[in-house]
Amino acid sequence: MSSHVSSIREPLVFGNKSYHNITEDLVGPTEKTPGKLWLAMFILAIAVLSMGVYAVTYTVYYGIGAWNLNRTIGWGWDITNFVWWIGIGHAGTLISAILLLFRQRWRTGVNRAAEAMTIFAVMCAAMFPLIHVGRAWDVFFFFPYPNTRGPLWPNFVSPLLWDVFAISTYFTISVLFWYTGLVPDFATIRDRATGLRKKIYSALSFGWKGSAKNWQRFESVSLVLAGLATPLVLSVHTIVSFDFATSVIPGWHTTIFPPYFVAGAVFSGFAMVLTLMLITRKILHLEDYITVNHIESMNKVILVTGSIVGVAYITELAIAWYSGYVYEQFAFLNRAKGIYWWSYFGMMFNNVVIPQFFWSKKIRTNVTWTFFLSILINVGMWFERFVIISTSIARDYLPSSWSYYVPTGIEVMIYIGTFGLFFTLFLGFTRVAPVVAIAEVKSILKEYGDQYLDKTQENI
Amino acid sequence: MKTKKNILFGLYDDEQDLLKAVKVSNERGLKIMDVYSPFPIHGLDPLLGLKESRLHIAGFIFGTLGALTGFLFLSWIFKIDWPNVFGGKPYWPIPAFIPVTFELTVLFSGVGMVITYFIVNGLSMKPETEVLHDRISDDKFCLAFDVTGSASENANAFESLLNETGATYVETKEMSDL
Numbered sequence: 001m002s003s004h005v006s007s008i009r010e011p012l013v014f015g016n017k018s019y020h021n022i023t024e025d026l027v028g029p030t031e032k033t034p035g036k037l038w039l040a041m042f043i044l045a046i047a048v049l050s051m052g053v054y055a056v057t058y059t060v061y062y063g064i065g066a067w068n069l070n071r072t073i074g075w076g077w078d079i080t081n082f083v084w085w086i087g088i089g090h091a092g093t094l095i096s097a098i099l100l101l102f103r104q105r106w107r108t109g110v111n112r113a114a115e116a117m118t119i120f121a122v123m124c125a126a127m128f129p130l131i132h133v134g135r136a137w138d139v140f141f142f143f144p145y146p147n148t149r150g151p152l153w154p155n156f157v158s159p160l161l162w163d164v165f166a167i168s169t170y171f172t173i174s175v176l177f178w179y180t181g182l183v184p185d186f187a188t189i190r191d192r193a194t195g196l197r198k199k200i201y202s203a204l205s206f207g208w209k210g211s212a213k214n215w216q217r218f219e220s221v222s223l224v225l226a227g228l229a230t231p232l233v234l235s236v237h238t239i240v241s242f243d244f245a246t247s248v249i250p251g252w253h254t255t256i257f258p259p260y261f262v263a264g265a266v267f268s269g270f271a272m273v274l275t276l277m278l279i280t281r282k283i284l285h286l287e288d289y290i291t292v293n294h295i296e297s298m299n300k301v302i303l304v305t306g307s308i309v310g311v312a313y314i315t316e317l318a319i320a321w322y323s324g325y326v327y328e329q330f331a332f333l334n335r336a337k338g339i340y341w342w343s344y345f346g347m348m349f350n351n352v353v354i355p356q357f358f359w360s361k362k363i364r365t366n367v368t369w370t371f372f373l374s375i376l377i378n379v380g381m382w383f384e385r386f387v388i389i390s391t392s393i394a395r396d397y398l399p400s401s402w403s404y405y406v407p408t409g410i411e412v413m414i415y416i417g418t419f420g421l422f423f424t425l426f427l428g429f430t431r432v433a434p435v436v437a438i439a440e441v442k443s444i445l446k447e448y449g450d451q452y453l454d455k456t457q458e459n460i
Numbered sequence: 001m002k003t004k005k006n007i008l009f010g011l012y013d014d015e016q017d018l019l020k021a022v023k024v025s026n027e028r029g030l031k032i033m034d035v036y037s038p039f040p041i042h043g044l045d046p047l048l049g050l051k052e053s054r055l056h057i058a059g060f061i062f063g064t065l066g067a068l069t070g071f072l073f074l075s076w077i078f079k080i081d082w083p084n085v086f087g088g089k090p091y092w093p094i095p096a097f098i099p100v101t102f103e104l105t106v107l108f109s110g111v112g113m114v115i116t117y118f119i120v121n122g123l124s125m126k127p128e129t130e131v132l133h134d135r136i137s138d139d140k141f142c143l144a145f146d147v148t149g150s151a152s153e154n155a156n157a158f159e160s161l162l163n164e165t166g167a168t169y170v171e172t173k174e175m176s177d178l
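The listed protein sequences derive, respectively, from chains A and B.
Here the numbering used here is used: position 53 in the first sequence is 53, and no number is missing along the way.
Here the numbering used here is used: position 155 in the second sequence is 155, and no number is missing along the way.
Just chain B, with the same shape it has in the complex:
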């Protein structure tokens, strides 16, 4: 059961305006809840203090799992379970294992990483999605502050920041799923 939050957000018409607003917000020491945009904005992540994504590590781990699965499975089949001679090749034809091992590496890595990506991003198939504003996925850039409960004291500071940096639309909304 997610708790309800009060979100004060502002919409900008251009990503450059949003970047400036984030910089000003950092200068004033205001804690940004999140930034929403219709496409990735370059230069934003360090300003928000976002650490680099570790998905590639997940990809590597899953890939190693796939490689081991492929190679060990085939080795077991050829050495222990049913050793057989194919085309005069040795009982443990390692070069012949390369294609299957490689494919399983890529398969496990890709599938594992994408599933991890969906989970860490909080993505799931729901018939309803709560968004702050419908134009965010279209052409507006959103800077959002959390003003739930005790944080509402800063609401004035947040609001003046949004207005001074050129937000074209400011609203406070109650969200249960953010």
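Excised from the complex, chain A in its bound form:
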């Protein structure tokens, strides 16, 4: 079968791979005993996680007084970190679901790891609403169940409760989508394994045999899940933005927040996927599967969403001026020139200026540049949430209540501890499951393998 392939199509699989090569390359890391590097990183991650566990336990035991939330500043690092982690999680669903609907084949190189990243990021994020309530042992009050307190229901018209439903649903659907895709890949590992590993992967692969009907249903369920996950991911960060937009605080009460937050989430999510994937592909020698073309495509998405975020910032400023509403105008002047001006500068520079570098093909195809810029973008997006939350409420209506918020050591330890949780889970994932979607990459080999496009790296 010879179908006409566009001459500008870039390969997504390098190295003249056969289907068997793909299996070997991608299953290999799960079969080898972990090397010293993985072990060292894993021990470090566990150590950082332990520090986080200590800080969370301290908070739950001693109360929110262990943090510096006080006076007008009801939300500080806790909600900043929550929104930051949730935003990062959005890239996974976007890559899996939205790119599937858009038939972008390059998603197959990164979707498995991005989905895993989403799940772990949502786990890190979900911790914050649970512990920031003070009486963490009573958080089951959030869920509507028959009780002896009236029976008392949670406040269903509050975005804070919509968050509970949105994030629970998002986590569940992400896990289901990720696992459904993993089943055939676990079958591949199962058929190569022996002894106890074979039994474990047999259970994990649910007896997958790869019959034609199985695959047909697989593609059907993937497509519908993608169709469900797309409005879901848009709704989740919209609901998170409602936590602010439905309030009356100047700088928060604005209708631009839903699209601004969603674009910002995709922006920071892709930056985190890049940071993770650039390290992973180097260590696991997956440069033939997570190629420069994948990196370039992700950088293009970062450029677009970063520009949307930049336009949103400018819109906020323009509307604040146009509205003539002194409190809104003050909110933004304060951001730029007030006590937290340095975080505003960090936000503006990292989120508006840095992504513009990706207009240059040289930079967006350069691994080193991409790595550093992706980290800067994530830092910038953290500043954005900090600016929105802490700056606005440190300087709200009554000047006699104004104060300056600095996190306590416990709050910083909790945040760093979430990195420990994230990396412990991610490192575990790389050992146990294939980091790249094996079956999906095989299915695009004939269309995107370099030998089929006559674009092997020797003859480019």
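Keep in mind that a hint or two might mislead.
Claimed, not checked - In silico DSSO-like cross-links for lysine-lysine, where the CA-CA straight-line distance does not exceed 30 Å:
#1 126/B <-> 32/A
#2 20/B <-> 455/A
#3 300/A <-> 36/A
#4 446/A <-> 20/B
#5 446/A <-> 300/A
#6 455/A <-> 362/A
#7 446/A <-> 126/B
#8 199/A <-> 4/B
#9 126/B <-> 213/A
#10 20/B <-> 17/A
#11 126/B <-> 198/A
#12 213/A <-> 31/B
#13 199/A <-> 126/B
#14 198/A <-> 173/B
#15 199/A <-> 173/B
#16 23/B <-> 17/A
#17 213/A <-> 20/B
#18 17/A <-> 282/A
#19 51/B <-> 446/A
#20 213/A <-> 4/B
#21 213/A <-> 17/A
#22 199/A <-> 5/B
#23 198/A <-> 79/B
Calculated directly from the structure, the hints in this document are not laboratory data.
Assemble the complex: chain A is given as a structure, and chain B must be docked to it using the hints.
Just chain B now, kept in the frame of chain A:
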């Protein structure tokens, strides 16, 4: 207690060879038991006469269930069980119900559909899985015929088909779980 079956199967190195073999098999009127592959092969389903999957219908039904659950539950709470005024909003604030209703729609649809998918695909957590050949999930494409009992008369026809269309490996295996 599943009955034991005799399966005559052939392995191909390339999915295009497998597609040709399926076409030849159809021309000769041979009944294919099943095709196994490491990834979905496009163009195969109509050749095997597979009807389209109806999982999306299950998704729709579960989703409707979720939407109704969310909306009716919230409506009952706000109109009958504990009507209350929140932020000056009316007793039945329908726009405020949208987020929860939408999330429950997606949740029920996704969970229901995936559970249905696992059930209809016959997937369950077992410590042992019988496969025809270990390379099927790696890089080989398998065309399988049922030669149990009376069907074994056709075994020669099946075998010659497999050999003529370029199968690189042919075997008959007894399976109890296929």
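Hint by hint, here is what the structure shows:
For the suggested pair residue 126/B and residue 32/A, the alpha carbons sit about 24 Å apart, so the restraint of at most 30 Å is met. Between the alpha carbons of residue 20/B and residue 455/A the distance comes to roughly 28 Å, so the proposed pair stays at or under 30 Å and holds. Between residue 300/A and residue 36/A, the direct Cα distance comes to roughly 35 Å. Violation of the 30 Å bound is thereby established for this hinted pair. Our distance criterion of 30 Å between C-alpha atoms is met by residue 446/A and residue 20/B, whose separation comes to about 17 Å.
Under the criterion of a C-alpha separation no larger than 30 Å, the hint pairing residue 446/A with residue 300/A is consistent with the structure, at around 25 Å. Proposed proximity of residue 455/A and residue 362/A is supported: the alpha carbons are some 19 Å apart, at most 30 Å. Among the hinted pairs, residue 446/A with residue 126/B is inconsistent with the structure: their alpha-carbon atoms are about 34 Å apart, more than 30 Å. Our distance criterion of 30 Å between C-alpha atoms is met by residue 199/A and residue 4/B, whose separation comes to about 22 Å.
Of the supplied pair hints, the one linking residue 126/B and residue 213/A holds, its CA atoms being roughly 20 Å apart against a limit of 30 Å. The hinted pair formed by residue 20/B and residue 17/A meets the criterion: a straight-line CA distance of about 23 Å does not exceed 30 Å. Between the alpha carbons of residue 126/B and residue 198/A the distance comes to roughly 11 Å, so the proposed pair stays at or under 30 Å and holds. Between residue 213/A and residue 31/B, the direct Cα distance comes to roughly 16 Å. Compliance with the 30 Å bound is thereby established for this hinted pair.
For the hint linking residue 199/A to residue 126/B, the alpha-carbon distance of about 8 Å falls within 30 Å, and the restraint holds. Of the supplied pair hints, the one linking residue 198/A and residue 173/B holds, its CA atoms being roughly 21 Å apart against a limit of 30 Å. This hinted pair checks out: residue 199/A and residue 173/B have alpha carbons roughly 22 Å apart, not beyond 30 Å. Taken as a hint, the residue 23/B and residue 17/A pair is honoured in the structure, with Cα atoms around 28 Å apart against an allowance of 30 Å.
Taking the CA atoms of residue 213/A and residue 20/B, the gap is about 19 Å. The hint holds against a cut of 30 Å. With a C-alpha separation of about 18 Å, the suggested pair residue 17/A and residue 282/A falls inside the 30 Å cut-off, and the hint holds. With a C-alpha separation of about 26 Å, the suggested pairing of residue 51/B with residue 446/A holds against the 30 Å cut-off. Distance hint between residue 213/A and residue 4/B is fulfilled; the C-alpha atoms sit about 21 Å from each other, no more than 30 Å.
Distance check on the hinted pair: residue 213/A and residue 17/A sit about 27 Å apart at the alpha-carbon level, within 30 Å; holds. For the hint linking residue 199/A to residue 5/B, the alpha-carbon distance of about 23 Å falls within 30 Å, and the restraint holds. Distance restraint check for residue 198/A and residue 79/B: the Cα-Cα separation of roughly 56 Å exceeds the 30 Å cut-off, and the hinted pair is therefore not satisfied.
Violated hints, in rising order: 3, 7 and 23; the structure is consistent with all others.
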